[in-house]
Each structure stands twice: as C-alpha cells, then as structure tokens.
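J.: Listed here are the chains, written in short residue letters.
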Amino acid sequence: MVEKVNLKIDHLSVSVDAGATILEAARKVNVRIPTLCHHEDLCVAGNCRVCVVEQVGVDRLQPSCAIPVSEGMEILTNSMKVRNARKQIIELLISEHRAECTTCYKNGKCELQTLSNEYIVGESGFLPLVPLKGYTIDEFSPSIIKDDSKCIRCQRCVRTCDQIQSIGALTVAHKGGEMKISTFFDKPIYEVVCTNCGQCVNRCPTGALTEKTYINEVWNAIDNSDKYVVVQTAPAVRIALGEALDMDPGEIVTGKMVAALRRLGFNAVLDTDWSADLTIIEEGNELLQRLKRVLKDKESDVKIPMTTSCSPGWIKFIEHTFPDFLEHLSTAKSPQQMFGALAKTFYANKIGVDPSDMVSVSVMPCTAKKFEANRPEMRASGYQDVDFVVTTRELAMMVKQAGIDFKSLPDDDYDSIMGESTGAGVIFGATGGVMEAALRTVYEVVTGREVPFDGLNILPVRGMEEVREASLKIENPLPEWDFLDGVEVKTCVAHGLSNAKKVMEKVKNGEADYHFIEIMACPGGCLGGGGQPLPTSPEIRKKRAEAIYREDAGKKIRKSHENPEIIQIYEEFLVEPLGHKSHELLHTTYTPRNRY
Amino acid sequence: MKKGLKRLDLIFKNEHDSAAILEKSLNRSNAELIEDLISSGLKGRGGAGFPTGLKWKLTADANGQEKYVICNADEGEPGTFKDREILSSVPHKVLTGMAVCGRIIGSQKGFIYLRGEYKFLIPKLQKAIDEFHELADSLSFPFRVEIFLGCGAYICGEESALFESMEGHRGEPRNKPPFPTDSGYRNGPTVINNVETLAHTYSIFKYGPEKFRDLGVKDSRGSKVFSVSGDTPIPGIYELEFGMTLQKFVDDFGDGDAKAVQVGGAAGFCVPRKKFDKTVIGYKGKLTGISLPTGGSMMIFNSSRSMYNVLHNYLDFFVEESCGQCTPCRVGTQQLLLGIEAVKRGDKSSQYLEKLLELAETMRVTAKCGLGQSVANSFSSIVENFREEMIY
Numbered sequence: 001m002v003e004k005v006n007l008k009i010d011h012l013s014v015s016v017d018a019g020a021t022i023l024e025a026a027r028k029v030n031v032r033i034p035t036l037c038h039h040e041d042l043c044v045a046g047n048c049r050v051c052v053v054e055q056v057g058v059d060r061l062q063p064s065c066a067i068p069v070s071e072g073m074e075i076l077t078n079s080m081k082v083r084n085a086r087k088q089i090i091e092l093l094i095s096e097h098r099a100e101c102t103t104c105y106k107n108g109k110c111e112l113q114t115l116s117n118e119y120i121v122g123e124s125g126f127l128p129l130v131p132l133k134g135y136t137i138d139e140f141s142p143s144i145i146k147d148d149s150k151c152i153r154c155q156r157c158v159r160t161c162d163q164i165q166s167i168g169a170l171t172v173a174h175k176g177g178e179m180k181i182s183t184f185f186d187k188p189i190y191e192v193v194c195t196n197c198g199q200c201v202n203r204c205p206t207g208a209l210t211e212k213t214y215i216n217e218v219w220n221a222i223d224n225s226d227k228y229v230v231v232q233t234a235p236a237v238r239i240a241l242g243e244a245l246d247m248d249p250g251e252i253v254t255g256k257m258v259a260a261l262r263r264l265g266f267n268a269v270l271d272t273d274w275s276a277d278l279t280i281i282e283e284g285n286e287l288l289q290r291l292k293r294v295l296k297d298k299e300s301d302v303k304i305p306m307t308t309s310c311s312p313g314w315i316k317f318i319e320h321t322f323p324d325f326l327e328h329l330s331t332a333k334s335p336q337q338m339f340g341a342l343a344k345t346f347y348a349n350k351i352g353v354d355p356s357d358m359v360s361v362s363v364m365p366c367t368a369k370k371f372e373a374n375r376p377e378m379r380a381s382g383y384q385d386v387d388f389v390v391t392t393r394e395l396a397m398m399v400k401q402a403g404i405d406f407k408s409l410p411d412d413d414y415d416s417i418m419g420e421s422t423g424a425g426v427i428f429g430a431t432g433g434v435m436e437a438a439l440r441t442v443y444e445v446v447t448g449r450e451v452p453f454d455g456l457n458i459l460p461v462r463g464m465e466e467v468r469e470a471s472l473k474i475e476n477p478l479p480e481w482d483f484l485d486g487v488e489v490k491t492c493v494a495h496g497l498s499n500a501k502k503v504m505e506k507v508k509n510g511e512a513d514y515h516f517i518e519i520m521a522c523p524g525g526c527l528g529g530g531g532q533p534l535p536t537s538p539e540i541r542k543k544r545a546e547a548i549y550r551e552d553a554g555k556k557i558r559k560s561h562e563n564p565e566i567i568q569i570y571e572e573f574l575v576e577p578l579g580h581k582s583h584e585l586l587h588t589t590y591t592p593r594n595r596y
Numbered sequence: 001m002k003k004g005l006k007r008l009d010l011i012f013k014n015e016h017d018s019a020a021i022l023e024k025s026l027n028r029s030n031a032e033l034i035e036d037l038i039s040s041g042l043k044g045r046g047g048a049g050f051p052t053g054l055k056w057k058l059t060a061d062a063n064g065q066e067k068y069v070i071c072n073a074d075e076g077e078p079g080t081f082k083d084r085e086i087l088s089s090v091p092h093k094v095l096t097g098m099a100v101c102g103r104i105i106g107s108q109k110g111f112i113y114l115r116g117e118y119k120f121l122i123p124k125l126q127k128a129i130d131e132f133h134e135l136a137d138s139l140s141f142p143f144r145v146e147i148f149l150g151c152g153a154y155i156c157g158e159e160s161a162l163f164e165s166m167e168g169h170r171g172e173p174r175n176k177p178p179f180p181t182d183s184g185y186r187n188g189p190t191v192i193n194n195v196e197t198l199a200h201t202y203s204i205f206k207y208g209p210e211k212f213r214d215l216g217v218k219d220s221r222g223s224k225v226f227s228v229s230g231d232t233p234i235p236g237i238y239e240l241e242f243g244m245t246l247q248k249f250v251d252d253f254g255d256g257d258a259k260a261v262q263v264g265g266a267a268g269f270c271v272p273r274k275k276f277d278k279t280v281i282g283y284k285g286k287l288t289g290i291s292l293p294t295g296g297s298m299m300i301f302n303s304s305r306s307m308y309n310v311l312h313n314y315l316d317f318f319v320e321e322s323c324g325q326c327t328p329c330r331v332g333t334q335q336l337l338l339g340i341e342a343v344k345r346g347d348k349s350s351q352y353l354e355k356l357l358e359l360a361e362t363m364r365v366t367a368k369c370g371l372g373q374s375v376a377n378s379f380s381s382i383v384e385n386f387r388e389e390m391i392y
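Protein sequence lines, in the order shown, are assigned to chains Y and D. Residue 1 is where the first sequence starts when you use the numbering used here, and the numbers rise one by one after that. Residue 1 is where the second sequence starts when you use the numbering used here, and the numbers rise one by one after that.
Extracted from the complex, chain D is given alone in its bound form (with noise of 0.2 angstroms):
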C-alpha cells in the first residue's frame, strides 16, 4: 500500500487555531478573504461542485435584510459516511468556517442542518457550538449557530427542500431562480455548503489558498474526503488527492477482483473495469479521459455481485425517497423500477430498455431538482454497461 495514493491530513489534522483565524479574519476586507477562496479553487464538496468562493461573493453583494449560513449536514447519499466523522472529531473547523463566512455575507445566524439518524452527534456538536460562542463573543463577533434536526428524508439534502424543511414545510425543492445566494432560508440570501466544504475554508483561512492550489489537478484543486465501502478490505474514510485515475483509486482499495465502482453514490455513475484508467476522479472540466465528481460516495463491487440488484436496490431508494412533487421523478423512478423487473422477467422484451433509458434521459431533463435529474446517471451507466445483466 506505501506505494499507492498519496494520504492526505487537512481535514482531520488535529489543530485548534479558530481563535487566530477568526481574529485574522475578522481584521481583513471582504475583498481579501473572498480572493483567497475563489483563487484556492474551492468547489462545493457535496458533489456539485459550484465554486465556494463565487457563491459567497454572490450571497455578501445580495440585498437582503436576514441573511443565513447552513451547513449542510444532511448526509444521505448512500454511501456516504464523510460528514459524520467531520462533525464529530472537528466540529470547530466547520463552525470557523460558518463564521467567517458569516463575516463576509453580512450574517450572525448559522445553522447545521443535521440529519436526523445522526442525532447521537448533538451532545458532542452542541458543547462544540457553546465553546465556539463563548469564542466569538470574545472576538465581539456574536455569530450564533443553532443546530436543525432533519427527519429523515433524503430529498432534504437538496438545498431549496432543506430550506422548506427548515420553515416547517413538506420537504420539497423550490423552482430555480431564484437561488439560494438571493433567496434561501426564509426568502434571505443565503450561503448554504456542505460540512467537509466547510471545513476546508478552516484550513485554506489558515495556511493560505496556495497550499489547497497546490493538490490535486486543474479545475479539481484541493483534496478530498472519500467515504470507500463495498467489496474492499479496508473500508472507511481516506483524504486523498483530486485527479487520481479509477485505477489507481480500485489498486489501493479493491480486492483484486473489482468490476465496477459506483462513484457517487445512488446519484453517481457506475463505472466497469474497462473504464477504470479512463476515469478521473475530479469534477468536470478540461481534462482528459472522463472526469467524474463525487460527494465521497466510491462503493466497489467485485464479481460476485449481480449489477441488477445493485440497480434495484437503488431505484427502490429512489422510489421511495422522490418527494413526489414532480412527475418525472414519482412516476419516473416507478416506471423504470417496474420496468426493469418487467424486463428481468421476460415480461417485457429487451427491447424495453431502449424505453427506459430515454426515460431516463426525460428525467435528467425535465426533473425539478437534482434529485429526479441525477436517477439517469446510475441507471443509464449501469444498464448500458451491465445489459445483459439485466436481462438474464
């Protein structure tokens, strides 16, 4: 394994200076911090990749009375483990991080966003939130952060869902525009960013957008935390280096016998052994070879296992966890379970599939949230990859 990717420790690295970055912070333009963020090539580490630096110039020049910053702790990708381990052993480098986005947008109000199975972090979180206060009021910085439970619902993630949530309404989407940075939380201009996201402003504030710049590759800067599950010996959370080929990523975490690795999660792409060296790990951008971003999810699957019920699994997720809201995405997400099924029977020919990956395609554009819109990239990599696994 030493001669394998390069471990990183940003994130996890035991270091307490929130007192200092604040201080600093505090002390420096507007202009000066937001530079630092947007040259460190900062992008959302929830899986979308907006860059975090941009979205907080946007939310500190938006007109708004109130204006809010939410951590996005609503981890529910499958797969997905990353955030809860952020949370519980450095919980500091988050809230500095609200904080110091909150002194940019213009904003004392902070909340995390918990996902509800993860209420057993509260005790720790929460003595964390009180130090952190005592910390900012001694800095005359009264920046506040308030814990939000969620309930369990998936869709809750997505950002507009998570604000309704947040209001006491059903968890649904919101039409987009406007955005969050002009119309989030209670209608305010809001910066909401997923925790590891979070974290890393700790460490780009501390030792400056240079050494961020400096890992990974162009339009994929920085590191980045994997949550690695499935048919691995070594299961768990790694920090690694953006821009490693898939390859590499299966050589120092598979068993040796891997056939597909679904990056991602539920909402990702399944990617074949074939395409393993053809695959970058980073988002998307001017690289060569297909470049695929993840929010951390990398689930690995060796031969022993039926890609059919891999997909089953997932659309049964889906199936269930589609607010409803949207036609493609309720009715979407049945018929291609149904579909497949029918298919896998010998009820419906094979030829069915043909429909149901246009289907899926209807859905990657005309759903209303990322949600119904992402349900295409796993079927369609893992039906048009793995066909005839689905139909004998």
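Chain Y extracted, bound-state conformation (with noise of 0.2 angstroms):
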C-alpha cells in the first residue's frame, strides 16, 4: 500500500500518495496552478517557473510540477507574493517571445497568450528582447516550420524529441542569454536525422515550432475550374477532428467530415482507409511471400520479421538511425502514397480527367506525410502523386473559414470507387491496427478460416503498452501454405520512436524472433499523430483510440480482402497482389541516410 500524505492547498485539506507533486496535489482539490514547461506525457523540466507557490515557512518559492508533498505542508497558490513573481515570470516570457499574436499561426491556441491574457493587465512590461537577437525562420523543411523568436524555452520539444522519439533532432545550444534550441550544427530541421513526426509541434506551447501549412495551395486548387481536386482522409482524422471544432475527444465525425469536404468544393471525397485495405493485401502477400521463401525455400537473403512501412516519421527513423536494415521494411508504400499513385492513373482514366489536370490533397493526422508526399520516389504515376498534405488541424481551419457550422452537418458518405472500406482499415489509426488488419486477412488467406478471435478482435495487439508481443499458431492451413502449419506466428507492436529503437535494438542484436513487427512513429499510433488537434494526453489518446475501434466495431465489412472496391480493382486494373502493376505503383524503395 501506498504511505499517504496530508496537506493543505490554499486552505484545502488533501490526502494523496507520497511522492505526488504539490501540482498534482493541488488538481485533486480543483485548484488550478497555471503551467508552461509541464506536460503529461514528459518528465519533470521545472524550466519556466510559472507554476511557483508558496510553502508556508519557506522563504523561496516552490514549482509546484516539480517538488514532492511532505506530510504537513501549506501550500498558498494565490498569495501576493506568488501572484507578483508569476506575473512577472510571465512578462519576462513575453520580452523574449515575439508576440505577433494576431498573425500567429497558434492565435488562440497559444499557451503563453492565455497566460497572458490571464495575468497581464494593460501594462508597460519589460524590455523586448527579440530585436536583439537577430532570428531566423527555418522553413526549409516540407512539414515543420522553426521560428525561435516565438521560443519560450520550455524544452517540451526537446524532452519529446529525446524521451518519447529518442531522436534528438532538437536540443539545447549555447547558454545564457543566448541559450536556444537548436539542431545538429544548426542545420536547418530538413537536413538532420529529424522525422517530421510532429510530436513537438503538438507539444510546443507557442507558434515557435508549427506544421508547414498548404491551406492556401489546397484553396487555389480547389478555386481552379480546370482542376479535378480529390481528396483522401486518413483513419486517424475522422476520431479526431471534432476535437478542432469544439466537440470532445472521441467523437466519430467520419460522415460529417465527408459533408464537409464536399463543401468546400473538392471534386471527389475518397478514402484513405480504402488504400489502407489494399495496404493489408499487398503487404500482407509479402509477408506471406517472405515466410515462404525464408522457411520453405531457405533462402538466406530474404529479411524477417518484416516491419510495416506506412509511417513516414518510422521510415525516415529506419532510414537516419538502423540504415543497414532497410530490407526489413516491407516494401508496400503507405495507403496514403498507394493512393495517390492510383488516382491519377486508375481513377483518373476512369473518370475521364488528364492526370495532369487533376490535384490530389490528403488530409492526414500526421506533419511527416508532408514530407513522404515530397519524396522522388512518389511520382508513381508520372506526376507527383500527392500534391498536397493538410492535417487534421489544418482542414479544421479550412472549415471555420469556410464558415461550415460542422455540428450541425448531415453525415454524408464518400465516393466511388476508392471510397469503400472496412473495419480493418479503419484501426490503422490505432497502434496495432495494421497488425490487426493483417492478421485478419493473412489468416484466412492461409488457412481458409477466420482469426480465432472472438468478433475479429485481436485484443493481444490492442492497447497503449509501449511495446507489445503476441503469436498466432497456424493450425491446418490451406495446402499450398502446408509449411505454416504448426508455425507461431510471432508478433510486435511498438508506437512511439523510442520503442520502435528498442524493438530494433533487439533485432539488430538477433534477440528479435518476430516474423513480423508493426511500428507506428507516434505515441498511440496515427490517432496520436503531429498533425492532430491539441491538445495531447494520455486521456485524450485513450478516447480516440476506443473511437476507432468503435468505428471498426460498426462496419458492416470488417477485412481487407472482402472489400468490394478492393476485388474490384484487381479484377479491373491491377490483377494480382505483388503483380507487376503493383510493383510499379504500389511499392517502393527506401534510402540510407546520414546520422545526424
């Protein structure tokens, strides 16, 4: 049992476990103590000294985020003297920010301006510090823009970078006054081991580190009459976006979204769940591919476990960080690039439109698809195959200018064909979801029966566990897969860079018996991707993740391969799964890169 611990906040008795923090202590009273540099999903900074109290009988003041109760303690929020340091901590964030708040892209968004807002009454502050200092922008990078005149210095970025990614693209330079977060040799983000996961654009309090927005190209396209404009919406986008327009996390608002799509002028609203159940046939076949020819065949050259390929910020990890093991990565492009490989050749001859005409915008949850849609190898199709990526955030501001009252939306349903899909491309916006999904098909496809689990629910590979194992044993398989048969299909599932590396690690050093390993960059999958509304939390993760899997839960077809669209296009365009179509559209090739 837990020792407790008594004390009082502002006069409030409280009882919690030792080792709470006084901020902690002080939310179990519904006392508020403002924070900055704090955040749920990271250790303790104690950097920004915001969340100062005072502790009766002790001269200097506490932060509360980052000191322990003691049996006894009397703690004052609110007195005079933390009111006046407070405020004044807060002015002397605001001198070194650059307070464009107007113009801002985190215009009320920004946790300094409610802070602000809150403690900052029409006076003179100190002295602005930004005209000194000589910044620069780094918006080289296709998905994250760096602005260090409006860094606070809170280092949530760093501690995201380093603890949950174990990257540290981004770290502490230089001291004092000129102390700055910064980059390898302070390249710009584009040329560092940086992935674009985003994760610190979803933590940074302020609009020092934002997602490059294509907002503007995605209206001029759109305004273009001699352009077709389809749009994909990525799993994780449909659980989350009400977040952005004053609904709670959790809330499924696929059929709205769809309406809204349409009404900002998109020609055709399409799914990438869609090519998400396509994902699971082809990288599913390759599994399936790799294990013959490594159990059956014996040959030494071919790679398992085999790991998914459809997070960018995981491949560009793979590629920075474990580059003499790229053979590993399934060579199936993510759903959002099989897409747009197929809308300008399948779609777009079957509609009738010039590719060259046509521009394709996906609407992801994610600031490395940005990056992903930019890469050479993308232009399948002879034209880069997606134009435009907007996050989740960005189509929410999309709908507030267009003055859609989204609450209000009928639910609408997606186009055909390349609209179509089932549960099982749906969890792919959940960590674990792509094993799922695949477990679900790869199964059947080998034994000719349905996963053993009750309601097609694979519950071992669901959940928020860091780094989770589970196998399947193949019993009676279908004849031509008679080689499985008694084989344990083994499994990881890993979210969050920093469990991809240990997973890694592990293969790297032969501890690793997996066939096959799913990893997703972001905490949570998808759902907890850097381009999803803010704010983040375990709590909100949570909810979208039982979101998404309500959502599978609610599908009439819940695998891949029993997707009508799916069937149908192999009968019509691409025949057969890893056939020669496919490897010209739908698969790719990954490139070693530097460490820094």
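I should point out that these hints are in silico values taken from the structure, not numbers from a laboratory. Don't take each hint at face value.
[Stated by the list, open to error] With a straight-line cut-off of 30 angstroms between C-alpha atoms, the simulated DSS-like cross-links for lysine-lysine are: (1) Lys176(D) <-> Lys6(D); (2) Lys348(D) <-> Lys81(Y); (3) Lys87(Y) <-> Lys344(D); (4) Lys176(D) <-> Lys28(Y); (5) Lys81(Y) <-> Lys119(D); (6) Lys119(D) <-> Lys180(Y); (7) Lys555(Y) <-> Lys490(Y); (8) Lys355(D) <-> Lys180(Y).
Two chains, two frames, some hints: make the complex.
T.: Encoded structure:
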C-alpha cells in the first residue's frame, strides 16, 4: 500500500500518495496552478517557473510541478508573493517572445497567450529582447517550421524528441542569453535526423514549432476550375477532427467530415481507409511470400522480421538510425501513397480526367506525410502522386474559414470507387491496428478460416503498452501453405520511436524471433499523430482509440480482402497482389541517411 | 600592519601527516569521526555554508550501491583564486580529507572537478594523486581519485550542474530534492565539498576539533582563506579568522579610500563604506549586525570606481553564464542588464529601477539554482546603496 501524505493547499486539506507533486495534489482539490513547461507526456523539467507556489515557512517559492508533497505542508497558490512572481515571470517570457499574436499561426491556441490573457493587464512590461537577437525562421522543411523568435525555451520539444522519440534532433545549444533550441550544428531541420513526426509541434506551447501549412495551395486548387481536386482522408482524422471544432475527444465525425469536404469544393471525396485495405492485401501477401522464401525455400537473403512501412516518421527514423536494416521494411507504400499513385492513373482514367489536370490532396493526422508526399520516389503516376498534405488541424481551419457549422452538418458518404472501406482499414489509425488488420486477412488466406478471436477483435495487439508481443499458431492450413502448419507466427507492435528503437536493437542483436513487426512513429499510432488537434494527453489518445475501435465494430465489412472495391480494382486494373502493376505503383524503395 | 587582523597558517602550513591521519581515521568509528567534524563547527567554504559533518553523515546514512566523494574545484566566482593555491601547494591535504570522507560514507571513488582554466595544474596534481594512491594502497584502503576537467562554464560549479557535466550532459542544475546526499553523481549518494573545506578536514582530523572551534565566532568557526583583490596595495591570498568586521578588514587591506567592498564575488553582496563597521564576515547566525558569508572573494573598490560599471560588469557576466534553463535567470539577467543601461541612457525613468529591484527579488525566490537566486545579492545591494550612480 502506498503511503498517504496529508497537506493543505489554499487551506483545503488533501491527502495524496507519497511521491505526488504539489501540482498533482492541487489538481485533486480543483486548485488550478498554471503551467507551461509541464506536460503530462514528459518528464518534470521545472524550467519555466510559472507554476511556483508559496510553502508557508519557506522563503523561496517552490515549483509545484517538481516538488514532492511532504506531511503537514501548507501551500498557498495565490498569495501576493506568488502573484507578483508569476506575473513577472510571464512578463519575462513575453519579453523574449515575438508577440505578433494576431497574425500568428497559433493565435487562439497559444499557451503563453492564454497566460498573458489571465495575468497581464495593460501594463508596460520589460524591454523587448527579440529585436536584439537576429532570429531567422527555418522554413526549409516541407513538414515543420521552426521560429526561434517565438520560442520560450520550455524544452518540451527537446524532451519530446529525446524521451518519446529517442531522436535528439532538437537539443539545447549555447547558454545564458544566447541559449536556444537548436539542431546539429544549427542546420535546418530538413537536413538533420528529424523524422518530421511533429510530436514537438503537438507539444510546443507557442508558435515556435508549427506544421508547414498548405491551406492556400489547396484553396487555389479548389478555386481553379481547370483542376479536378480529389481528397483522401486518413483513418485517424475522423475520430479527432471534432476536437478542433468544439467537440469532445472520441467523437466520430466521419459523415460530417465527408459533408464538409464536399462543401469546401473538392470534386471527389475519397478514403485513405480504402487504400489501407489495399495495403493489407499487398503487405500481407508480401509477408506470406517472405515467410515462404525463408521457411520453405530456405533463401538466406530474404529478411524477416518484416516491419510495416506505413508510418513515414518511422521510415525516416530507420533510414537514419538503422540504415543497414532497410531490407526488413515492407516495400509496400503507405496507404496515402498507394492512393496517390492510383488516383492519377486508375482513377483519372476511370473518370476521364487528364492526370495533369488532377490535384491530389490528402488530409492526414501527420506532419511527416507532407515530407513523404515530397519524396522523389513518390511519382509513380508520372506526376507527384500526392500534391498537398494538410493536417487534421489545417482541415479544421479550412472548415472554419468556409463558415461551415460543422456540428450541424448531416452525414454524407464517400464517393466511389476508392471510397469504400472496412473496419480493418479504419483501425490503421491506432497502434496495433495494422497488425490486427493484417492478421485478419493473412490468417484467412492461409487457413481459409477467420482468425480465432471473438468478433475478429484481436485484443492482444491492442492497447497502449509501449511494446506488445503476440503470437498466433497456424493449424491446418490450406495445401499451398502447408509449410506454415504448426508455426507460431510471432508479432510485435511498438509505438513511439523510442520503443521502435528498443525493438530494432533487439532485431539488430539477433534477439528478436518475430515474423512481423508493426511500428508507428507516434504515441498511440496515427491517432496521436503530429497533425492532430491540440492538446494531446494519454487520456485524449485513449478516447480516440476507443472511437477507432467503435468505428471498426460498426462496419459491415471488417476484413480488407472482402472490400468490394478492393476486389474490383484487382479485377479491373491491378490483376494480382504483388503483380506487375503493383510493383510499379504500390511498392517503393528506401534510402540510407546520415546519423546527425 | 602588525596591529591588524591575525594572520593564520593552518591551511598552507607545510606538514605531511597524511599517512598518520589516514591510518588513525581508518581505525576509528564513523560516529567518532563524524562527531569530530560536527563539533568542529566546520561549514562549507564554497559560500553556502552547509555543515560539513552533517553532509557526510547524511551521505553515510543514505542507501545507494555506489557512493562518491567529489572535490569541487570549479573555482569560477569572480575574484576568487584561493582554491588554485590550495591545490598547488597542499593537494595532499585535500586528498586526505577526501579519503577520510570515503572511509566514512563507504566510497572508494573520488573525483576532483577541476576548472577548465586550471588545466595547467594537472601535472603536479596528478603526481600528488599518484603518490596518494600508493599511500592509500599501503594502508589497504584503495581509494582512487580522478581529475575531471571542466570546460569553463561558471554554472558547472553548481553541484548538480557539475554532476550533469561529469555525466556528459549539458551543465544544467537539477531540481532539488533530491539532494546530492541522496542522489548526486550517477544518482549515487554523493559528498561534494569545496577544495578548502576538504583541506580544513585535514587539520581537524590532525589536531582535533577543539583547535578549529577555538577560532572564529559562534556559528562561524575556524579560519577562512580570502582572495583579496581590487583597490588594495596588497592583493593576494590570506587566511584569517571568521568574525572580523569589514571595517577591520578594510583597515588592513584597503588603500585608505575604499568606498565599497564586494563580499563573495559577483554572487555576493556589495557593502558601502557607511556599513563597514556593522558588517561581520561570517555565516548567517545570531550575531549582532549584518553577517555576510563569502566563498572567499573580497573585492575592494575605491572612490575612483563607478559602481554602475561594477554592476554592469557583473550582469554581463551573469547574462553569459546563466545556463539558460529557467526563465527568471535566463531572461531576468538580460532584463536587469538592459534595464540599468536604459536608465543610464535616460530611455527609462529612475522609477524603472524599482521594477528591476522587484525583478531581482522575483529571481531570488523563483530561480532554479543558486546562480539565478543570488543575482539579486549584488544587484539589489549595489542599486540600493549607489542609486545615484545608476542614474547620473
């Protein structure tokens, strides 16, 4: 049993577990202490000092986020001493921050702005430091913009990059007045080990780190009557978009989102879930081929475990960090890029549009997708397969700009073809989802029977544990797969790149006997992606995951290979999985990259 | 000068009894050794004044697989240069103190964190360490000391930033608690002491606690090595007794025209002439008048000096040497510097000094470590005592 500690916060008695911080104790009695550098996903920093409180009998103020409670402690969160100090600290932060609030991308969502709103009432503060610093804005990356003039050095991004992602692309450089958040030799983000995952963007309290926005480019395309604009929506967008439009986390807004996209003026509203189903067919067959070549044909140059390839943050991570292990990656493109390649070939042909007149837009929960769309390999159609990627957040801004009352929209359906999807496609948005979707199909291909889990719900691969292992024994396979009889197919699921690193270290050291590994760059999978609505927390991600599985459970078809539009595209166009057309359009190659 | 303050010769006395002290200490109980230290009244000579015996006891009582003894030789406080001299002339005293500490807390691993600028000391110091290792081995106490060379950041003299630096990280102070006695270097219980503190333990273990306790005054026992600089005809290093008034100090060391003394370096306090006789050099205690602790830096300014320039110089130093981690220190130091410049230029009214004094107080109560907390010491004492020099 955990020892209890009794203390008083603003004269209210509270009893909390030993080891809890003053901040946690205060929240228990609904006393709100403002914070900036604190974040639920990250270790304690105690940097910003906004959360200081007075401990009766102690001269210096205490950072409530960092100080553990002790028996009999008396805390004042709103004494004159605290108010004066807190106000001055916020004034100091404002003095080193380029406060161009009205034109800032984070206007209305900036945590410093909120504090300023509460504490600074029309007084002149300190001298502005920004003009003295000669800041530049790093906007070379197709994914992320870094503006040091808005940085308040809370180091949330540094901790995110290090602890959640184990990358360290963003670090602290210099000291004192020159101290700043920097990269290796202060190179642009585009040139360093950054994976574009955008987890830093999700946690930056100000406008110092933002996604690069393509809203104007998309509006221009829509307004150009010569262009046929198709849009695809990723699985995790439909369960989070509502949050950015005054709805609660975990609300499913698929139908409203489709209706909104149509009102925005897209010519065709299609679904990345459909190409997620397609990914399962290609990647699942690739897995089976690899297993056959390793287990039956005893080919030594075929690599297992095979790892998933749909998370572009993960792809860039492995290219930088484990460049000798690229052959473990499935060659299957991500659903976004499969969609893009087919939109400007198969789909354009089907509807009679010249692909040069087609603009392909995707709505993604992800900032790394912006980079992925710009990769040189992603031009299989002869054009850039996906022209513009906007995040869930950007779509919400477009909905607002268009004056759409989102909540009152009637539900609408996707266009066809490339709009029909299954529950398997939907769960791509959650960690473990690709694995579950793949197993639903692969097991059935091999045995002719459904996976032996109640209601197709493969619970062992679900959840938020950092690394999850599960195995599935193959018994009585169809004759073609008899070499798999009795084989325990071993799988591993990891989310967040620090966990991916742990798994890959095992692979590297020959300690992993997995056949198939699913890795998602972001905590929780795409639902916790770097392009999702703010804020993010373990609880919000849990609600989004529940919504994803609700959406899956509500689907009539829940296995990718039963998607009628997938069956149709193989009949009409692709012919067979891993066939000639697939190789041309749906598979890709990878590039080893530098370690810095 | 003969009638002036008594000069002492404890620290630098040429004596070589490491073997005897170590042998004796190895045969005594922890309780006895700690009792000697506590009753001597020795407090940390780095400036903060934490009772040394208590620090060692807490670390001895702490749970931890690996414990460490660290000598803080990152002597970076402006105006301090005594540790350099101690390490040059009596390194064996420091090493002996470290080894006895190791014996008490259960550690055979010691480090000397040497200021980067003191790199030139290494050959001699390493020789002393090698000789000491032989001595320790001969007594079957294989205590080892390694030199860790800093890279020149002032903040790394702050104990938890020093640990970070030794671990290969950025020199940034940690949140406290936990304190080093529980979790220091590599999260092991760690004793970290100033060079001079360790050298004093040599004398205490040699002569017993009484001789040390007889020196100084209540709450501030023993002698102290001072680094005297500025407007003095006799700059240098002097070992004096605690408890002297600043007036007596200035009578001995000043040039006859002293208008202020900065006690404790840039992080210390500035005392104007009118308060010389009310100010006692020693740790905070129940003394009459004002008592000021010091890590040893005593800078004397005569009437030709502009206190604005003095303060400007200190603030410049802090702006550069703040680690930049916490808001009050990183931004506060810049604002204080820009602020006094703006007042001097006339861009801000003298009223702005009040806002800056408030800021200094905010820094004192909210900064993460001693650096940011102590900027207010020099800032407020100079601005309050020499306000007219800030404005005109």
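J.: Hint by hint, note whether the structure agrees.
T.: Going through the hints against the structure:
Taken as a hint, the Lys176(D) and Lys6(D) pair is broken in the structure, with Cα atoms around 40 angstroms apart against an allowance of 30 angstroms. For the given pair, Lys348(D) sits about 26 angstroms from Lys81(Y) by alpha-carbon distance, which is consistent with the 30 angstroms threshold. Between the alpha carbons of Lys87(Y) and Lys344(D) the distance comes to roughly 26 angstroms, so the proposed pair stays at or under 30 angstroms and holds. Straight-line distance between C-alpha atoms of Lys176(D) and Lys28(Y) comes to about 23 angstroms, which keeps the hinted pair within the 30 angstroms bound.
As the CA atoms of Lys81(Y) and Lys119(D) are separated by approximately 45 angstroms, the hinted pair breaks the 30 angstroms bound. The straight-line distance between the Cα atoms of Lys119(D) and Lys180(Y) is roughly 29 angstroms, inside the 30 angstroms bound, and the hint therefore holds. Using a Cα cut-off of 30 angstroms, the hinted pair Lys555(Y) and Lys490(Y) holds, with the two alpha carbons roughly 28 angstroms apart. The suggested pairing of Lys355(D) with Lys180(Y) holds, with an alpha-carbon distance near 26 angstroms, which does not exceed 30 angstroms.
Violated hints for the displayed structure, listed by number in ascending order: 1 and 5.
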